[in-house]
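Novice: Using the sequences and the hints given, assemble the complete structure.
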Amino acid sequence: MTKAAKNAVEPKVSRSLETSAPTTELPGANKTVGNSTPERITTGQSPRKPRLMNILLDKLREQPEPVQASERRLVGVLMDTETDNDFDNDFDAVNDTDKPSTSSASQPEGRNDDPWIGETQIGEISTRSMTFTYPPGSTPLPRYTIRRGVGIGGFGEVYFAVSDVGKEVALKRIQRNLEIELRGVSQCLNLKHPNLVALFDICRDSNDQSWVVMEYVAGLNLRQILDESPNGLPPVEVNRWIQGIGAGVHHLHTAGLVHRDLKPGNIFDDLGLVKVGDYGLSKFISSSHRGGHTESVGTFHYMAPEIGRGQYGREIDIYALGILLFELLTGQVPFDGESCHEIIVKHLTATPDLGGVAEPYRSTISRCLEKDPRKRFESVADMLASLPLGVADAGVPSSARQSSQEVSCEEFEPINAILVANIVDPVSTNRLGLEGVQSPTFVDEPVARAAQSSWHELSRWWSGGSQTPESKTAHQFEKWILLLVAGFLILANRFWLVPMLTLVACVYVPYYIIRQMVLHSRRQPSYAEAQRIATVVAPQRQAISPSAWRNGVRNELRAKPTLHRLAELNTSWIAAMVSVAGLTLVAGVIGLDNVPVFASSIAPYAWLAVIVLSATCGILGLGKLWECDEGESLPRRLVLAGVGAGVGFLAYTAGGFLMIPLDQGLVRDIPSSFSMNLYSGDGPHATAFMAHFALLFVCLRWWKPVDPLRRKRLSLWSVAVAVAAGWAVHQVLPITGAIGMWSAGGIAIAVQLSAPWVNSRTPQRNLSQPQQATGDVVNAAQAGAYDA
Amino acid sequence: MSAIQSQENTQALPASRWRLWIDGCGGYLLLTGTQWSVGGLSQATTADICVRADWPRSAGSIERIDGDYFWQGRNSSDAKVLLTSGTPMPVPGSAVMTLDQPSQLSDTAVLSLNAPHRFDQHVDGVVLVRETVLIGSGNECHLRCRDASERAILQLKENQWYAKSGLSGDFYRLDPGHRLVLQSLAMTLETA
Numbered sequence: 001m002t003k004a005a006k007n008a009v010e011p012k013v014s015r016s017l018e019t020s021a022p023t024t025e026l027p028g029a030n031k032t033v034g035n036s037t038p039e040r041i042t043t044g045q046s047p048r049k050p051r052l053m054n055i056l057l058d059k060l061r062e063q064p065e066p067v068q069a070s071e072r073r074l075v076g077v078l079m080d081t082e083t084d085n086d087f088d089n090d091f092d093a094v095n096d097t098d099k100p101s102t103s104s105a106s107q108p109e110g111r112n113d114d115p116w117i118g119e120t121q122i123g124e125i126s127t128r129s130m131t132f133t134y135p136p137g138s139t140p141l142p143r144y145t146i147r148r149g150v151g152i153g154g155f156g157e158v159y160f161a162v163s164d165v166g167k168e169v170a171l172k173r174i175q176r177n178l179e180i181e182l183r184g185v186s187q188c189l190n191l192k193h194p195n196l197v198a199l200f201d202i203c204r205d206s207n208d209q210s211w212v213v214m215e216y217v218a219g220l221n222l223r224q225i226l227d228e229s230p231n232g233l234p235p236v237e238v239n240r241w242i243q244g245i246g247a248g249v250h251h252l253h254t255a256g257l258v259h260r261d262l263k264p265g266n267i268f269d270d271l272g273l274v275k276v277g278d279y280g281l282s283k284f285i286s287s288s289h290r291g292g293h294t295e296s297v298g299t300f301h302y303m304a305p306e307i308g309r310g311q312y313g314r315e316i317d318i319y320a321l322g323i324l325l326f327e328l329l330t331g332q333v334p335f336d337g338e339s340c341h342e343i344i345v346k347h348l349t350a351t352p353d354l355g356g357v358a359e360p361y362r363s364t365i366s367r368c369l370e371k372d373p374r375k376r377f378e379s380v381a382d383m384l385a386s387l388p389l390g391v392a393d394a395g396v397p398s399s400a401r402q403s404s405q406e407v408s409c410e411e412f413e414p415i416n417a418i419l420v421a422n423i424v425d426p427v428s429t430n431r432l433g434l435e436g437v438q439s440p441t442f443v444d445e446p447v448a449r450a451a452q453s454s455w456h457e458l459s460r461w462w463s464g465g466s467q468t469p470e471s472k473t474a475h476q477f478e479k480w481i482l483l484l485v486a487g488f489l490i491l492a493n494r495f496w497l498v499p500m501l502t503l504v505a506c507v508y509v510p511y512y513i514i515r516q517m518v519l520h521s522r523r524q525p526s527y528a529e530a531q532r533i534a535t536v537v538a539p540q541r542q543a544i545s546p547s548a549w550r551n552g553v554r555n556e557l558r559a560k561p562t563l564h565r566l567a568e569l570n571t572s573w574i575a576a577m578v579s580v581a582g583l584t585l586v587a588g589v590i591g592l593d594n595v596p597v598f599a600s601s602i603a604p605y606a607w608l609a610v611i612v613l614s615a616t617c618g619i620l621g622l623g624k625l626w627e628c629d630e631g632e633s634l635p636r637r638l639v640l641a642g643v644g645a646g647v648g649f650l651a652y653t654a655g656g657f658l659m660i661p662l663d664q665g666l667v668r669d670i671p672s673s674f675s676m677n678l679y680s681g682d683g684p685h686a687t688a689f690m691a692h693f694a695l696l697f698v699c700l701r702w703w704k705p706v707d708p709l710r711r712k713r714l715s716l717w718s719v720a721v722a723v724a725a726g727w728a729v730h731q732v733l734p735i736t737g738a739i740g741m742w743s744a745g746g747i748a749i750a751v752q753l754s755a756p757w758v759n760s761r762t763p764q765r766n767l768s769q770p771q772q773a774t775g776d777v778v779n780a781a782q783a784g785a786y787d788a
Numbered sequence: 789m790s791a792i793q794s795q796e797n798t799q800a801l802p803a804s805r806w807r808l809w810i811d812g813c814g815g816y817l818l819l820t821g822t823q824w825s826v827g828g829l830s831q832a833t834t835a836d837i838c839v840r841a842d843w844p845r846s847a848g849s850i851e852r853i854d855g856d857y858f859w860q861g862r863n864s865s866d867a868k869v870l871l872t873s874g875t876p877m878p879v880p881g882s883a884v885m886t887l888d889q890p891s892q893l894s895d896t897a898v899l900s901l902n903a904p905h906r907f908d909q910h911v912d913g914v915v916l917v918r919e920t921v922l923i924g925s926g927n928e929c930h931l932r933c934r935d936a937s938e939r940a941i942l943q944l945k946e947n948q949w950y951a952k953s954g955l956s957g958d959f960y961r962l963d964p965g966h967r968l969v970l971q972s973l974a975m976t977l978e979t980a
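Sequence order for the protein chains is A and B. For the first sequence, the working numbering assigns the number 1 to the initial residue and increments by one for each residue that follows. For the second sequence, the working numbering assigns the number 789 to the initial residue and increments by one for each residue that follows.
If you're looking for bench data, these hints aren't it; they were derived computationally from the structure. Incorrect hints may have been included.
Claimed, not checked - Derived contacts from chain B toward chain A, CB cut-off under 7 Å, selection only: (1) Trp809; (2) Asp856; (3) Ser900; (4) Pro904.
As the list claims (entries may be wrong) - Coverage of chain A stretches by chain B, computed from C-beta distances (three or more under 8 Å per stretch; other residues unrestricted): (5) 132-145; (6) 214-227; (7) 554-567.
Virtual Cβ for every residue (Gly too), placed ideally from N, Cα, C.
Specialist: If you want it as structure tokens, here you go:
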């Protein structure tokens, strides 16, 4: 059975009650539940002493077709005599979708003569769209405003509502099985446990409908979480869930209640806390109620086999916990099948396959799933004790635990440890910048303080800082005399002096160490000291990889405002003009050497400048547009082809304007068959120029030389490649004077000189920071560009 | 660059606010515009996005530029940080807020909070709307309704919301205060 089928079998119960809530009617929209597949309830008379499982099997045999995925759910209701009529009315309202819609409160509470009334009612209810009776904004209860529907349970609709003072609650509208639900809820109203969904109150609205006010659970239920983890949850999460569930169920048991409907859909992750909900079906355990005179709504995958014998002790919860534990670990239920009949039979007879479950979970599950309830764990506490759960943390939000784990994993030295290390290790002291700070414990120790003071005085005397120059010679003499006397005394008394000093050391050193430890354990650094130490010992910034650096800078480039970007482009264009002018000047000085300067001799250089400048401006514009990401090559090449065609047309037009002889300088004779559209006897046409430059722009990745993240500011290799490409293109599509080849070189130089460049070796600055003045904008625009 | 993008980049649009309640799914605060202030909840909070957490009243702002979202701290000297999908925002405090852009076809983003923190106004998430919002059970949907059998598309045109079920079909107007039922999805819009 698929997961979807399991979901369908498990939690969905539809409802049929509709009111006149304002609803936009759409053609084809599933406006009411009644518009969808009608619900079908199979009923039958049964003996007063019910045998639920037998009846279930009988009914299933009457319906041999397998359970359809996402369509059916079996609800078995076994009820005692005094509740017959309530169920009669409620289930009548549930299933007769063809009747005019009414509220459950408007249903008469009296007898109903429908023939399907019986102790066992089996319903197959289609899963359909959830259409809630009350739209957001409704106030069926005076102090609560409904915000949205949350879900539809077996007993009614659940809404998310907010009280007048802002308290978030869940409102459960009791539509069916009124007495049963209210009885169960009232018994649970005063239960308090962090792993149980709290019930606050029971209220009646103006239509005499009953509402249960309970805690709103914002998180997902376990069913939704397991659906997203088809192979089960990690062991840590399994432990968290099963411990939370177990704690809540154990509290129910100690209060004399049995949940009887444990399943993933009834268990929630309330912002990190595991909560067991929907325990309104719980029933007090008593000798009179352990028999068959109770009602049960169960889900087949989690239903203990003894339910068929009418036994409803806490063992059925332990059985369900075993199923849940298996599902948490594996993502599957141990007893699955294509039909409800198959599932029930497996519960009754099959041994679960626990081969994929590790110990000790395997033993725990195996004992929980014993067919004989007496062989199972006697209590949930016993069951939890058999698991390696460690410290009870079910009540601790997962986020809090995660945070604490993260903190504990931090590889920072504790501040106290750093302080101790500073005292012992002068190197680390210097590193921390604490060399000028004396250890307070060292100073405070009386003997050490006296010795230090004496040594300090002796040092001052030895250095002779207070001596005048006249007495310096005498002081040197005194020092040497004292040194000799001290050496003589030590040598003369070494026989008793060494043992005595050893004895003193044996006493004083342990005393000193213990004193240090005690005082340091008590002492806390001041805020300023701790902050200074933390600043000094802060982990050094790791050298980032080139790819990480590129990603970081690229992200900052993306953050650049458009105005900032336009300013940069404007500056680049100005720089391009200057660069092209300079290049043209250099080319002219070299080319016009020993040549008479006439207009006709200058014209080719002007022509080249026009071509290079137009191409450079176009490429700079595209580069500015593309600097945000690496981009794809093909689309960019296509765009560049268009720009190249435009440059070619401009070159042809400018050549004509400057009266350049276009038929000169072709690399070879153009055969007439080559292309009449490109060439003629007068030389290349405009189309030839356009094709030439388009090809030149396509074959090179021109966005690379203008990329701010290029390796070098000016790469001669790029210039050489561009010239070579221009030469190659000229061999295919020759144009006048190999102007394309010279243009390629000029463009490669001009764009690199004009485009911004971020030097990876210099400290990175924020490229997206907006500047305050226009001048600053320009400067900032070029900050990354010209800091070579 | 489209005209809309140019307009957004040159001038931050004021945020308009709606709340969308989807039965069986959740409640969401829909915010339009291009820049939204973020802060912790207090009596004097005027932030567009209020979080019930130990955040300052004005923690910073989120800005959308050309489909990318950036975090700007409350100090103008703070660097603008690109928010990548699923990465927590650099807000000091205990709450962890993440921005997700689940759909490649839409620039709309969804803000969510890790447990145990919640947004103000009792909503489960905040949607920074850029024209369309996708609702459904898939991971690519902005508003994930796990039990939804089909997708729905919300679209904002001229300050009016429209919705349709599936990729084909007609749009229906989603008026504030009226519940709209599209197949299995029932939603109600209200101004916030």
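Novice: State for each hint whether it applies.
Specialist: Do the hints match the structure? See the list:
no., hint, verdict
1, Trp809, "4 Å, holds"
2, Asp856, "5 Å, holds"
3, Ser900, "12 Å, violated"
4, Pro904, "4 Å, holds"
5, 132-145, "holds (count 4)"
6, 214-227, "holds (count 4)"
7, 554-567, "holds (count 7)"
Going down the numbered hints, you'll see the structure goes against just number 3.
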